[in-house]
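Asker: The chain contents come next:
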Amino acid sequence: MARIGVFICHCGENIAGTVDCAKLAQVSAKIPGVVHSVDYKYMCSDPGQTMIKEAILQKNLTGVVVGACSPRMHEPTFRRTCAEVGLNPFLCEMANLREHCSWVHEKNDVTTDKAIDLVRVIVEKVKRNKPLFPIKVPVTKTALVLGGGIAGIQVALDVANAGHKVLMVERDPSIGGHMAQLSETFPTLDCSQCILTPRMVEVAQHPNITLYTYSELDSLEGFIGNFKAKIRKKARSIDEKLCTGCGVCSQKCPIKKIPSEFNAGLGLRTAVYTPFPQAVPNKPVIDRENCTYFLKGKCRLCEKVCPANAIRFDQEDQIIEADVGAVITATGFDIKHTDFFPEYGYGEYPDVIDGLQYERLASASGPTLGAIKRPSDGKVPDTVVFIACAGSRDPAKGIEYCSKICCMYTAKHAMLYRHKVHHGKAYIFYMDIRAGGKMYEEFVRRAVEEDGVNYIRGRVSRVYEQNGKLIVKGADTLLGAEPVEIAADMVVLATAGIANDGAEELAQKLHISYDSYKFFAEAHPKLRPVETNTGGIFLAGACQAPKDIPDSVSQASGAASKVAGLFSQDELTREPVIAVVHRTLPPVLSTCVGCFLCKSACPYQAIEQEEFRTRDGKLIKTVAKVNPGLCQGCGTCVALCRSKSIDLQGFSNEQVYAEVIALLDRSTSDVVV
Amino acid sequence: MSSFEPQIVAFVCNWCTYAGADLTGTSRIKYAPNVKIIRFPCTGRIDFMLLLKAFARGADGIIVSGCHPNDCHYTSGNFHARRRWMVFRRLLDFLGIDVRRVHFFWISAAEGAKWAEMVNETVETVRKLGPFEHYQKLTTAGVA
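Chains A and B, in that order, are what the protein sequence lines are. The opening residue of the first sequence carries number 1 in the working numbering; numbering runs sequentially from there. The opening residue of the second sequence carries number 1 in the working numbering; numbering runs sequentially from there.
Keep in mind the hints are simulated off the structure, nothing from the lab. Careful: at least some of the hints might be erroneous.
Listed below are several chain B residues computed to face chain A (Cβ distance under 8 Å; list not exhaustive) [what the hints assert, rightly or not]:
| id | residue |
| --- | --- |
| 1 | 7 |
| 2 | 33 |
| 3 | 50 |
| 4 | 74 |
| 5 | 80 |
| 6 | 83 |
| 7 | 95 |
| 8 | 96 |
| 9 | 99 |
| 10 | 103 |
Here are the simulated lysine-lysine pairs, DSS-like style, with alpha carbons at most 27 Å apart [said to hold, decoys possible]:
| id | chain 1 | residue 1 | chain 2 | residue 2 |
| --- | --- | --- | --- | --- |
| 11 | A | 241 | A | 230 |
| 12 | B | 137 | A | 30 |
| 13 | A | 241 | A | 379 |
| 14 | A | 41 | B | 53 |
| 15 | A | 41 | B | 128 |
| 16 | A | 165 | A | 130 |
| 17 | A | 644 | B | 114 |
| 18 | A | 518 | A | 336 |
| 19 | A | 107 | B | 36 |
| 20 | B | 128 | B | 114 |
| 21 | B | 30 | B | 137 |
| 22 | A | 53 | A | 107 |
| 23 | B | 137 | A | 107 |
| 24 | B | 36 | A | 526 |
| 25 | A | 379 | A | 438 |
| 26 | A | 518 | B | 114 |
| 27 | B | 128 | A | 23 |
| 28 | A | 30 | B | 36 |
| 29 | A | 23 | B | 137 |
| 30 | A | 130 | B | 36 |
| 31 | A | 41 | A | 30 |
| 32 | B | 30 | A | 107 |
| 33 | A | 257 | A | 397 |
| 34 | B | 114 | A | 107 |
| 35 | A | 404 | A | 379 |
| 36 | A | 130 | B | 53 |
| 37 | A | 336 | A | 296 |
Ideal placement from N, C-alpha and C gives every residue a C-beta, glycine not left out.
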């Protein structure tokens with residue numbers, strides 16, 4: 001016979017303000033099976049929890065119902081309370097009296113009646129709850145890092161230095177990401193490559209890190225601690241073991257006019273190429289879309305000149321299967337390009353460029369070797385206009401957020417221009433200057449005060465070409481929206497940072513959520529910023545939202561510490577809310593008839609086949625069996641089962657039917673108190 | 001008829017709609033108290049026999065709500081629920097139960113205001129339909 005204790009929380013005034021808690025406790029006491037029913041101001045407080053513990057011991061309770069806030073808030077708290085005095089935690093449930101009742105209804109009898117209904121439903125459920133025991137699953141102590149930019153590099157190094165294996169998958173032929181493209185970094189003006197490339201080399205040489213460049217994640221299955229990843233290593237057309245990285249193939253390749261991705265289209269590369277001199281690994285790749293041999297079946301010049309005989313035209317994509325325990329997505333971001341802006345000429349003016357292109361111009365490894373020369377004719381521009389918030393914070397463009405990094409890098413761009421072109425004039429059109437960060441505001445002041453950058457607060461309505469100049473028309477809102485017209489030689493747009501190409505597809509492969517801009521969603525915006533809602537999958541860097549290098553690195557180290565925490569245990573404990581298939585003694589063995597509808601419905605491939613055989617090996621019956629490591633407890637199989645042979649622990653048929661019946665049976669609420 | 005307050009049972013998933021209804025609470029948006037929620041891990045778990053049981057026990061209307069398509073915490077449970085609903089509504093119709101008594105929708109964990117709106121809309125629709133007496137009539141006729 002069930003002995004249930006009901007504990008009604010006032011939550012200060014939050015519940016007691018609209019629900020008559022004393023009456024609720026008195027009525028609950030009359031529900032059959034309830035042997036103890038009290039109300040108290042704060043059940044989650046220490047005295048409140050002590051009340052529960054004492055009642056369990058004194059009244060020998062077999063179940064506990066706490067009528068308080070949402071179980072999403074405090075179910076773990078109260079379950080722990082029960083466990084402390086030896087009551088199985090799964091015999092404790094919560095009735096949601098706050099979020100689903102007192103906060104959403106007026107103070108009256110109807111609200112109290114609803115609260116009574118909610119408590120009765122949970123009492124009827126708890127009467128049928130069974131003690132459950134956590135499931136232990138092993139942890140594969142290997143992390144899969146997706147993306148080899150600065151965030152991915154930081155995660156990989158931190159996890160590898162903690163003593164765990166790391167697989168790093170990078171889509172491009174080299175790791176390094178956007179940071180490798182940058183000239184100098186704000187607010188210290190450190191050379192970006194000088195601080196990044198040692199890290200890239202460290203990744204390549206680390207004994208715990210296996211690097212897969214020019215590779216992508218094909219699929220991911222499994223669950224926290226036990227994922228199975230398939231990595232597609234795209235055909236590089238080069239035998240990486242033989243290649244010495246001498247570069248003769250690139251020098252001789254006759255196809256020389258392909259816009260270089262690394263130089264943001266401002267430089268050219270060959271069809272067999274290494275993206276940049278410091279690439280890791282420093283091995284070329286044949287771009288099959290532009291290679292003459294792959295297009296026309298002739299050439300093979302690189303093969304003839306390669307001293308190591310490393311060219312492999314017949315190489316195929318390779319699928320690598322790996323067991324991993326955690327996945328960190330650090331797939332980064334992209335920027336809007338100039339062709340997104342009709343008002344600035346749809347990308348038709350070669351001297352209207354985006355921020356990344358400017359970075360390449362200013363970089364010593366760039367197409368101009370660091371000299372600021374405009375793309376159209378290679379002249380040094382005398383006047384440069386920088387336009388901040390190009391696309392960002394603009395609902396009309398569908399990008400309502402602030403891209404966060406542009407204020408700072410625009411100040412840096414203008415500063416670098418003034419350092420390199422002393423007679424040049426730099427103008428920045430801005431909406432607000434957002435320079436929150438250590439030494440950031442000082443950096444912007446330096447641009448204005450020491451380097452003489454002209455800041456104009458206002459937006460640019462149009463950029464057009466006239467007599468070889470780019471006319472920038474805008475307004476100065478600090479001078480009463482006075483129209484401003486500047487004849488510039490070059491215009492740099494600080495275009496919005498956006499989610500990377502393929503982010504949505506990747507999110508679906510990983511079963512993680514993403515926001516309306518396709519940035520990946522963290523589990524909690526404040527308290528769980530590096531986790532996703534899917535256990536074992538973590539976030540680092542700008543794939544979550546635009547962020548600068550220090551923020552990306554911090555988040556990456558945060559994600560790495562979460563992974564190290566996960567890997568510090570040999571076994572994981574999982575909630576036992578999983579499906580089970582009916583079993584009984586011979587000759588029936590199970591009511592399951594082996595139709596395996598459940599198997600086709602299961603999203604986790606958790607349904608296996610079990611054969612019952614006689615001693616001499618004759619097959620009696622094949623029935624379903626749930627793999628407790630794979631089952632996530634969605635219960636789709638339960639609703640489909642024709643013979644009701646499969647049930648979900650914690651949400652069993654017996655429990656949920658009892659809840660429905662109790663909800664609509666108001667006989668106990670009519671009890672006069 | 002004017003004093004008729006419909007009894008509505010809401011079958012919701014834990015990850016989206018239950019959390020969405022929590023958000024309605026935290027946002028202090030008021031809605032009709034006629035709806036009571038039963039929590040399930042996923043809409044995929046909701047056996048539609050439960051809906052019939054609710055009608056048999058005197059529910060006047062039913063809400064089934066879960067995650068938006070593609071947002072299911074368990075990948076595909078809500079698709080199963082949707083497919084089941086497409087079949088089940090025809091069965092309801094065949095049984096002579098007004099399908100407007102069952103409301104099936106998606107509410108995410110961020111759509112607290114939408115939950116209040118949908119509850120109020122459902123309550124009004126069911127209020128107009130009046131009490132569900134179909135089953136009781138069968139019982140008194142000695143059929144069920």
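Asker: Run every hint past the structure and note whether it holds.
Answerer: Now the hints, each set against the structure:
no. : hint           : result
1   : 7              : holds, 6 Å
2   : 33             : holds, 5 Å
3   : 50             : holds, 6 Å
4   : 74             : holds, 3 Å
5   : 80             : holds, 5 Å
6   : 83             : violated, 10 Å
7   : 95             : violated, 18 Å
8   : 96             : violated, 20 Å
9   : 99             : violated, 19 Å
10  : 103            : violated, 17 Å
11  : A:241 to A:230 : holds, 22 Å
12  : B:137 to A:30  : violated, 31 Å
13  : A:241 to A:379 : violated, 44 Å
14  : A:41 to B:53   : violated, 37 Å
15  : A:41 to B:128  : violated, 40 Å
16  : A:165 to A:130 : violated, 40 Å
17  : A:644 to B:114 : violated, 35 Å
18  : A:518 to A:336 : holds, 14 Å
19  : A:107 to B:36  : holds, 17 Å
20  : B:128 to B:114 : holds, 21 Å
21  : B:30 to B:137  : violated, 35 Å
22  : A:53 to A:107  : violated, 31 Å
23  : B:137 to A:107 : violated, 36 Å
24  : B:36 to A:526  : violated, 31 Å
25  : A:379 to A:438 : violated, 36 Å
26  : A:518 to B:114 : holds, 22 Å
27  : B:128 to A:23  : violated, 32 Å
28  : A:30 to B:36   : holds, 21 Å
29  : A:23 to B:137  : violated, 35 Å
30  : A:130 to B:36  : holds, 24 Å
31  : A:41 to A:30   : holds, 21 Å
32  : B:30 to A:107  : holds, 11 Å
33  : A:257 to A:397 : violated, 33 Å
34  : B:114 to A:107 : holds, 23 Å
35  : A:404 to A:379 : violated, 31 Å
36  : A:130 to B:53  : holds, 23 Å
37  : A:336 to A:296 : violated, 34 Å
The earlier numbered hints that this structure contradicts are 6, 7, 8, 9, 10, 12, 13, 14, 15, 16, 17, 21, 22, 23, 24, 25, 27, 29, 33, 35 and 37.
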